[in-house]
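Undergrad: Here are the chains, one letter per residue:
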Amino acid sequence: DTTVKQNPRYKLARVGKPVNLICSQTMNHDTMYWYQKKPNQAPKLLLFYYDKILNREADTFEKFQSSRPNNSFCSLYIGSAGLEYSAMYLCASSSNYAEQFFGPGTRLTVL
Amino acid sequence: QQKVQQSPESLIVPEGGMASLNCTSSDRNVDYFWWYRQHSGKSPKMLMSIFSNGEKEEGRFTVHLNKASLHTSLHIRDSQPSDSALYLCAAMTNSAGNKLTFGIGTRVLVRP
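From first to last, the protein sequence lines are chains A and B.
Numbering of the first sequence is given in the numbering used here, commencing with residue 1 and proceeding in unit increments.
Numbering of the second sequence is given in the numbering used here, commencing with residue 1 and proceeding in unit increments.
Treat the hints with care, as some may be off.
Stated by the list, open to error - Each computed DSS-like pair below joins lysine-lysine, with the alpha-carbon atoms no more than 30 Å apart: (1) A/37 - B/42; (2) B/99 - A/38; (3) A/11 - A/52; (4) B/67 - A/44; (5) B/42 - A/52; (6) B/45 - B/56; (7) A/17 - B/67; (8) A/5 - B/45; (9) A/17 - B/42; (10) A/17 - A/44; (11) A/63 - B/56; (12) A/52 - B/56; (13) B/56 - A/11; (14) B/99 - B/42; (15) A/44 - B/99; (16) A/52 - B/67; (17) B/3 - A/44; (18) B/42 - A/11; (19) B/67 - A/5; (20) A/38 - A/63; (21) B/45 - A/38; (22) A/5 - A/38; (23) B/45 - A/11; (24) A/63 - B/67; (25) B/3 - A/63; (26) A/44 - A/63; (27) A/63 - B/45; (28) A/17 - B/56; (29) A/5 - B/3; (30) B/99 - A/5; (31) A/52 - A/63; (32) B/99 - A/11; (33) B/3 - A/38.
No lab work stands behind these hints, which were simulated from the structure alone.
All chains should be built: construct the whole structure from the sequences, respecting the hints.
TA: The following block contains the structure:
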């Protein structure tokens, strides 16, 4: 099974409120990634976990947090949502830096 | 910061025709190029990858790589309506933690 699951599929949030998105995979992949995709823009890597080590991109360092309580789960946390956070959030996983398998995405709308 | 440029932005191909997509990286340290296909409403799925100069063929899909010019191209022959999708090119650099940098994509429409 090469499925990556994401919950919820759609999320409506108010400006200033926290948002927590969940991703899971059962392929025992060592690395899990979070991307942000806005219309007519390239998917942008936000952060990734290699095993238990979190790597956050420099330009989004303060905007997103993440946790990986076990190998299968990874969350993306926004402490205070702003309008600019409205986007599709894609989770992916891979093993040994090979092919990345993507989930269906969570569409976040911030109002 | 590395950029990945894809062209054209969109492409209309007659059924049975050839689609040619281009991708160039600005990072001389790129080790791999990946091509992903994303059908509408679905998640991106890896189509092909290439890291050596030359050509790689899998069924109706052929990928070329010229490492000197950091350019890769994807060719779809005998295009089918089911090939209509967004095609994303991504570059991976081992020294940067094997992260993928994506282009905006090329939207392909195959007309029956």
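Undergrad: Against this structure, judge whether each hint is valid.
TA: Evaluated hints:
1. A/37 - B/42: Given that 30 Å is the threshold and the Cα spacing comes to 13 Å, the pair holds.
2. B/99 - A/38: Status holds; Cα separation ~19 Å.
3. A/11 - A/52: 27 Å, holds
4. B/67 - A/44: 24 Å, holds
5. B/42 - A/52: Judged against 30 Å, a Cα distance of about 29 Å means the pair holds.
6. B/45 - B/56: 18 Å, holds
7. A/17 - B/67: Given that 30 Å is the threshold and the Cα spacing comes to 46 Å, the pair is violated.
8. A/5 - B/45: 14 Å, holds
9. A/17 - B/42: 28 Å, holds
10. A/17 - A/44: 23 Å, holds
11. A/63 - B/56: 40 Å, violated
12. A/52 - B/56: 35 Å, violated
13. B/56 - A/11: 41 Å, violated
14. B/99 - B/42: 22 Å, holds
15. A/44 - B/99: 11 Å, holds
16. A/52 - B/67: 34 Å, violated
17. B/3 - A/44: 11 Å, holds
18. B/42 - A/11: 17 Å, holds
19. B/67 - A/5: Violated, at roughly 35 Å.
20. A/38 - A/63: Status holds; Cα separation ~16 Å.
21. B/45 - A/38: 18 Å, holds
22. A/5 - A/38: 20 Å, holds
23. B/45 - A/11: Holds, because 23 Å separates the two Cα atoms, which is no more than 30 Å.
24. A/63 - B/67: 35 Å, violated
25. B/3 - A/63: Distance ~22 Å between residue 3 of chain B and residue 63 of chain A Cα, so the pair holds.
26. A/44 - A/63: OK: residue 44 of chain A and residue 63 of chain A at ~14 Å, within 30 Å.
27. A/63 - B/45: 28 Å, holds
28. A/17 - B/56: 48 Å, violated
29. A/5 - B/3: 29 Å, holds
30. B/99 - A/5: 21 Å, holds
31. A/52 - A/63: Holds, at roughly 20 Å.
32. B/99 - A/11: 27 Å, holds
33. B/3 - A/38: 17 Å, holds
The earlier numbered hints that this structure contradicts are 7, 11, 12, 13, 16, 19, 24 and 28.
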